[in-house]
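Following the hints, complete the assembly by docking chain H onto the known chain E.
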Amino acid sequence: MAVREAEPLSSLQEVREAGLDREDLLGIYRNLLITRGIEERGHILYKQGKIPGSFYTGRGNEAAAVGVATAMGPNDVGTPLHRDMGVHVVRGTEPWRIFAQYMGREGGPTRGRDGNVHMALAELGLYTMVSHLPAMLPVATGMALAFKIRGDHRVAVGWFGEGAAARGDTHESMNLAGVRRLPIVFVCDNNQWAYSTPTYLSYPVEHIADRAAAYGFEGVVVDGTDVLAVYREAKRAIEKARAGGGPTLLECVTLRMEGHAVHDDAFYVPKELFERWSEHDPIERFRAWLYEHAALTETEEDEIVSGVKRLLNDALERAEESPLPDPATLEEGVFASPEDLDAPHHK
Amino acid sequence: MAELTYIQAISEGLRQEMRRDPRVFVLGEDVGVYGGAFKVTLGFQEEFGPWRVIDTPLSETAIVGGATGAALMGLRPVAEMQFADFVSCAWDHLVTVAAKQFFRARTPIPIVVRLPSGGGFSGGPFHSQNPESSFAHIPGLKIVCPATPADAKGLLATAIEDPNPVLFFEHKHLYRRIKAEVPEERYTIPFGQARTHRPGDDAVVVTWGAMVHTAAEAAERLAGEGYEVEVLDLRTLIPWDEERVLESVRRTSKVLVLHEDTRTGGFGAEIAATIAERAFEHLDAPIVRVAAPDTPVPFSPPLEKAFIPQVEDVVQALQELLAY
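Protein sequences, first through last, are from chains E and H.
Each residue of the first sequence is one higher than the one before, counting from 1 in the working numbering.
Each residue of the second sequence is one higher than the one before, counting from 1 in the working numbering.
Pulled out of the complex, with its shape left as it was, chain E reads as follows:
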């Protein structure tokens, strides 16, 4: 089973066949802008000293995250990571809660108990990552196992990076998922740099997706800056899993356009690489596509852009109004009580 390299989507007709109408396309564009907007504003907040700790972004990965999340069904679940802000945006996390999370406020999904992108809302089918990558892959595999046991027509999406692909969690998850043909899609955000480590020091084959064959399922490589191609491949993989066809390893190739985190200027990444990849910025690329193939007008674009700006301005204001957590509550909530099991996602 050789790895398949996905073709780009070119015409509006092909996009329609993949299940997206024009309204969906404008929605995708809006979600891409919100994703980048949240992280750009987060960066400013950080420079203003309003964000404690460090700050991570997924610049360059917006299309990969938005494309996959757009392909998920309403009852599907996922474990997005620190380059996958777009997943939170697509699933409906209100931006003010993300800013509140950044700033350690009560209104953030972890109420100041954890920081930066260590957040997810279970009511949206997303589950909170840990720093140890890719420790959420076994968890996503267990979610898929639960679906299989119960016969639910739901799919789990587990994210990991090409760096984390070196760890044993990746192997154990894919092996178990392959053996049991679980309804899961493993999405590799291959942004070519694991902190300062390049791909050739992380793995010795051409593609991470090449490994899928070793677990008995399909591996697909897609250009992670092409939101439509990512969407189509994710949709195929998710629906295949839902229909009982087992896992897929979907590798989205991008370049991490900033350092590992805000403190890192990425001096070790060759300048030419940044120059080359900035020519196919995922958002710019999709915008051009919309003008060429979907008759996007300037009026429409202005409306989307100003709507996003308003949304984020309001979100920032609301986040800053959110209180800091009360130190007196520190020791609460280490252990769950039986009534905490009544959350809908536990049913």
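Treat the hints as calculated values from the structure; they're not laboratory data.
Keep in mind that the hints are not guaranteed to be accurate.
What the hints assert, rightly or not - Covered stretches of chain E, going by a simulated chain H footprint (3 or more residues, C-beta under 8 angstroms):
1) 114 to 126
2) 143 to 155
3) 165 to 172
4) 326 to 338
By construction, the Cβ of each residue, glycine as well, lies at the ideal position given by its N, Cα and C atoms.
Positioned in the frame of chain E, the structure of chain H alone reads:
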């Protein structure tokens, strides 16, 4: 009431929970066709089918991480580590993911990890350990160490019901060595309530797991010398019954803390520190700890005997304590 061995009680308890609650399932290495390395789940696959008694690849990380994911989706996984020692391969998933998830994200992780632990049969360094205190140090995990068949069954039911990750340490040396009456109906035993295994007012031994029986034998011998030594079985380490321990200390004024795990940083140190903080003026003698020395668990019988606290060790320590 039927007499059951410790392992039969665990098996019976688990079967009862699976009959009662369709969300409960077991996963682990060789738990299905083979019935588990110690046969706790023997016959389960026939009764509950291969998707509720899941044979996994040799993958402790995927077993515990997978249990966490299944719990998040509303199931009640009971994961088996073939030996408690192998839980080191799943450390991240207990400590990094399961223990911290509710505090961070308010998503409870109701999982039970069954851990056949303890030595006494030449299992060597990797099939004999008692790693409970390593996990007791991690906020967010509950630790259960039953000493009797009836407790094993009742505490297992409580563990499965609990909305948190629970580590259930089953002492392998007790599996077929002890037998006692166990109620046939389902029952639960609350966590954090110590049990008086043997009453006495001259001194108290605070312990758990297999050492409860070692302490009881030692107390029996001292009864011949005219001393009544209380044996207090903690049953659960997280949470642990501080008030009950302090009550015994105040009443007896002499306390020995006993565990099979190694001494330094063992949970006995936590108990001793708490007694020193909260009942110092009630003590008539320094707190005594009897524990394994700080070495890996050795293989050869004379070495292992020197490692695991023996009845004679406890008798001697108690004699010194009582004479103080």
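(request) List in ascending order the numbers of the hints, as given earlier, that are violated by the structure. (result) none
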